[in-house]
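For the sequence shown, the residue numbers in our numbering are 3 to 289.
Don't read these hints as lab results, they were simulated from the structure.
Don't take each hint at face value.
Claimed, not checked - Pairwise CB distance ranges (calculated): (1) T216 - Q70: 23 to 33 Å; (2) T216 - G22: 31 to 41 Å; (3) M182 - G155: 22 to 32 Å; (4) E40 - P178: 26 to 36 Å; (5) A24 - M182: 54 to 64 Å; (6) A209 - G22: 22 to 32 Å.
Backbone N, C-alpha and C fix where the C-beta goes; we use that ideal spot for every residue, glycine too.
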Amino acid sequence: MMIRIDEAVKRHLHFLRMTGKAQNTIDQADYKFNRFLELMGPDSHLDDFKTRQDVMPYIDALRDKQCQPVTINNYLSALRGLYDWAIAEHLVTHNPFHQLRVKVNEPLPQDVPSPRTILTIIDTIDVPLYRTFLTLQLHTGMRINEVRTLELGDVDMTERRIHIRESKAGKTRTVPLNDMIYAIMQTYLEEERRRVDSPLVFPSLRAGTICKTTINSHLTRAAAEVIGHKITSHKLRHAFTTHLYEQGVMETTLSELLGHREPKTTRRYIRVQENHLRDAVGRLRLD
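Sequences are here, hints too, so could you generate the full structure?
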């Protein structure tokens with residue numbers, strides 16, 4: 003039975019009221035569920051999330067907001083309760099949040115593939131919409147939600163730039179298009195974009211926004227085939243940042259491109275490769 007998460011939340015909150023839960027507890031749960039829908043898409047269904055891998059983008063997004071591990075585990079606990087209730091109601095048969103917790107002081111994953119490797123992965127995706135969507139992310143460092151909600155009027159092909167409105171940090175910014183992604187976007191917009199009545203650059207078949215889970219499922223499957231393990235679209239933002247940093251781009255410039263308020267947030271995205279660390283140490287001369 004396919005049921006939207008927002009509908010399940012309404013029923014679950016009613017259940018909490020009927021079982022005598024305190025109003026403060028209900029309000030906190032409602033807030034956490036709304037945060038999940040904000041980050042993962044308001045049109046998400048319970049069945050969109052079956053495994054831990056399906057909900058890892060949510061954890062990554064919370065980390066991106068600089069949520070502490072204790073806070074993240076608190077959010078996960080609320081969602082675990084929602085899915086436990088849904089199982090009891092025979093709405094789903096699985097709980098992707100079962101025993102899922104992050105460790106306190108757990109560092110972000112270090113295994114960020116190189117942009118060239120990621121391009122190889124993306125190129126194996128047959129559907130032009132998903133392939134172009136992910137390629138744009140890799141070349142601009144845009145957040146998945148920023149690409150999902152990108153409108154045709156925000157893409158200035160004459161000036162070769164994208165205008166991002168109301169980003170997660172609450173600021174607008176402009177991101178230039180390099181030669182490669184400009185050519186890819188030109189082909190996509192002229193020949194491959196779905197012919198539906200929608201202002202979106204990447205519309206779904208019904209002219210709405212694409213589900214995050216759909217995007218990540220295409221990427222994770224392709225990555226598993228090419229490199230033997232899964233990655234999510236959030237890694238593309240890390241790869242973009244790391245590659246430019248290794249090419250000598252200043253942190254302040256990276257912060258502007260990524261739409262970060264604070265440079266310290268940008269530093270969390272930088273994963274310097276081991277060969278660059280070796281090169282740095284090799285420059286030390288004491289004689």
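Taking the hints in turn, this is what the structure says about them:
no.: 1; hint: T216 - Q70: 23 to 33 Å; in the structure: 30 Å, holds
no.: 2; hint: T216 - G22: 31 to 41 Å; in the structure: 39 Å, holds
no.: 3; hint: M182 - G155: 22 to 32 Å; in the structure: 23 Å, holds
no.: 4; hint: E40 - P178: 26 to 36 Å; in the structure: 28 Å, holds
no.: 5; hint: A24 - M182: 54 to 64 Å; in the structure: 55 Å, holds
no.: 6; hint: A209 - G22: 22 to 32 Å; in the structure: 44 Å, violated
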